[in-house]
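Peer 1: The primary structure of each chain is shown beneath.
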Amino acid sequence: MKPDLMVELAGLKLSNPILTASGTFGFGLEYEPYVNLRELGAVVIKSVTLNPRQGNPPPRVTETPAGMLNSVGLQNPGLAAVSEYYVPELKRRKVKVFASVAGETIEEYGRVAYSLAEAGVDAIEVNVSCPNVAAGGLAFGSDPDTTAAVTARVRAAVGNLPVFIKLGVMGGDVVEIAGAAAAAGASGFSLINTLPGLAIDVRARRPVLGNITGGLSGPAIKPVALWAVWRVYKELRLPIIGMGGITCVQDVIEFLLCGATAVAVGTGNFINPGLTVELINGLERALAAEGISGVSELVGAAHVER
Amino acid sequence: MTYEAEIVTQKKLATDCYRLEFYAPEIALSAQPGQFLMVKTSLTLDPLLRRPLSIQSVDHARGLVKVVYRVVGKGTALLAAKKLGRRLNVLGPLGRGFTMLTNGKFAVVAGGLGMAPLYFLVQRLKALGNEVTVFYGAQNRYQLVLVEQLAGLRVNYVTATDNGSSGFKGTVVDLLREKGLPPVDIVYAAGPPPMLRALGELLREVGMPRTEVSLEERMGCGIGACQGCAVKVHGTEGPVYKRVCADGPVFSAEEVIWE
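Top to bottom, those sequences are chains R and W. Going by the working numbering, the first residue of the first sequence is number 2, and it counts up by one from there. Going by the working numbering, the first residue of the second sequence is number 537, and it counts up by one from there.
Keep in mind that the hints were calculated from the coordinates and are not lab data. The reader is advised that the hints may include incorrect statements.
What the hints assert, rightly or not - Cross-link-like lysine to aspartate or glutamate pairs, in silico, EDC-like; alpha carbons within 20 angstroms at most:
1. W/K705 <-> W/D721
2. W/K610 <-> R/E306
3. W/K662 <-> W/D721
4. W/K778 <-> R/E31
5. R/K235 <-> R/E306
6. W/K641 <-> W/D721
What the hints assert, rightly or not - Taking CB as the label site, the calculated pair distances span:
7. W/P775 <-> R/G292: 57 to 67 angstroms
8. W/G621 <-> R/G292: 17 to 27 angstroms
9. W/R746 <-> R/N161: 32 to 42 angstroms
Glycine residues also receive a C-beta, built at the ideal position from the N, C-alpha and C atoms.
Put together the whole structure using the sequences plus the hints.
Peer 2: Written out as structure tokens, the structure reads:
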């Protein structure tokens with residue numbers, strides 16, 4: 002019997018649990034030569050801000066052991082371009098779309114989320130790793146109160162649409178922050194965002210990245226991500242999209258076992274632009290080989306005491 | 537698209553500089569001068585990302601593709617260690633190449649391994665019946681790694697080396713200044729950023745002929761999604777960042793803001 006890849010994520014039915022991590026998949030269309038977008042569980046688009054953002058000076062990416070650092074600086078064409086062009090293009094292709102929302106103020110998060118919901122996205126992911134201008138540049142997601150305030154504002158803006166809060170593991174305890182977001186109306190969580198990092202050009206005696214610091218992603222951070230998924234699942238039992246260094250089917254299964262209902266492929270897309278679809282097919286084969294009837298059988302299964 | 541391409545030849549051209557040839561008939565058929573490839577250097581997760589490499593030439597009939605590269609780190613060192621018969625995972629051809637015209641006069645200005653994509657261009661321009669003059673500079677005569685092949689194309693070329701070991705003593709831009717730029721339809725250039733910047737200044741002095749430059753930048757995806765390989769250019773409402781991989785790697789020299 003064919004295993005059932007369908008998952009229900011905060012009330013949304015997805016054909017499979019393979020999503021794309023925001024910022025690594027552009028607005029989806031860039032990957033059309035390599036992937037039939039409709040086959041994906043959902044496309045999580047690049048973070049959108051109210052106004053277009055130019056981004057940071059280059060170099061913006063550099064490789065590190067089993068990982069990469071990036072400091073793109075939220076370059077994006079702004080809300081109008083995304084809600085009027087990219088979202089309709091994806092919807093026309095019958096792609097499930099999760100919109101990642103970013104902002105400099107709580108109000109900006111609300112406005113952007115509202116318009117994207119109006120444009121017809123299937124869910125909102127809230128990127129709370131942006132600097133909060135009103136709090137001197139500290140990330141919104143670094144404390145429970147601000148995370149809750151952003152969550153509440155987005156929840157108020159989008160009605161019943163699923164809202165996932167994307168958290169890192171720096172600046173505060175991830176369970177505590179997730180708990181605050183849950184109380185403020187979060188449907189679930191995207192775990193984890195990049196970790197802060199820095200690379201040095203020894204010859205130039207300078208940091209490699211134009212922005213000096215960047216976000217670390219890729220297989221190097223996978224154990225940290227699994228740890229965060231494990232803890233949040235254990236304490237809160239809310240839907241989780243797991244991400245951080247997924248490059249093969251085994252990685253997908255590890256995240257599911259820790260408690261993720263779906264996973265997102267990020268840096269892996271850069272190594273193999275067709276990876277997402279390969280993972281969907283590979284997951285189906287792996288479940289069939291193990292005699293597992295559906296993905297839901299695996300979600301959180303590693304938490305069972307024996 | 538990605539291909540598993542068998543390595544056919546691997547040759548050391550100079551210190552740290554190699555030419556790799558592999559069998560990839562689809563790429564050989566569709567690649568345009570100035571386009572590039574993203575090559576996996578390892579089957580493991582470290583090095584993680586692909587390496588962008590310029591296409592030096594293609595052989596339609598035999599389905600072969602050549603790239604020339606310098607060993608600068610772990611990824612390229614692994615590439616240089618690969619033996620014949622091994623398969624290489626190659627993504628491409630990618631990016632927008634050089635403008636191709638017929639019945640024209642062109643100048644090509646190459647610095648170091650910038651000659652690799654320009655060789656492909658010169659080959660095609662010649663095949664289209666154009667008149668091409670090449671200005672080719674490198675640190676020393678050993679680093680003029682494509683000079684013999686260039687001679688085989690029967691184009692006019694002049695060389696420059698920093699130490700004067702071949703041709704003009706000085707940079708290729710100094711050479712161009714000395715010789716004077718012939719009247720041409722397009723100037724094509726590739727090389728290290730300081731050379732391209734100096735070339736831009738020289739060209740402005742002589743009235744900015746139409747010039748196309750091929751740029752390099754650290755890349756994440758190579759297909760325009762990650763916004764990693766940013767280059768600052770003049771936009772209609774001030775400076776904006778474009779993507780070297782998808783908007784380039786060939787840009788109009790006038791457009792680029794050199795920093």
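Peer 1: Hints first: check each against the structure and report whether it holds.
Peer 2: Each hint tested on the structure:
{"no.": "1", "hint": "W/K705 <-> W/D721", "in the structure": "violated (27 angstroms)"}
{"no.": "2", "hint": "W/K610 <-> R/E306", "in the structure": "violated (44 angstroms)"}
{"no.": "3", "hint": "W/K662 <-> W/D721", "in the structure": "holds (14 angstroms)"}
{"no.": "4", "hint": "W/K778 <-> R/E31", "in the structure": "holds (15 angstroms)"}
{"no.": "5", "hint": "R/K235 <-> R/E306", "in the structure": "holds (12 angstroms)"}
{"no.": "6", "hint": "W/K641 <-> W/D721", "in the structure": "holds (6 angstroms)"}
{"no.": "7", "hint": "W/P775 <-> R/G292: 57 to 67 angstroms", "in the structure": "holds (58 angstroms)"}
{"no.": "8", "hint": "W/G621 <-> R/G292: 17 to 27 angstroms", "in the structure": "violated (39 angstroms)"}
{"no.": "9", "hint": "W/R746 <-> R/N161: 32 to 42 angstroms", "in the structure": "violated (57 angstroms)"}
Against the hints set out earlier in the document, violations occur for numbers 1, 2, 8, 9.
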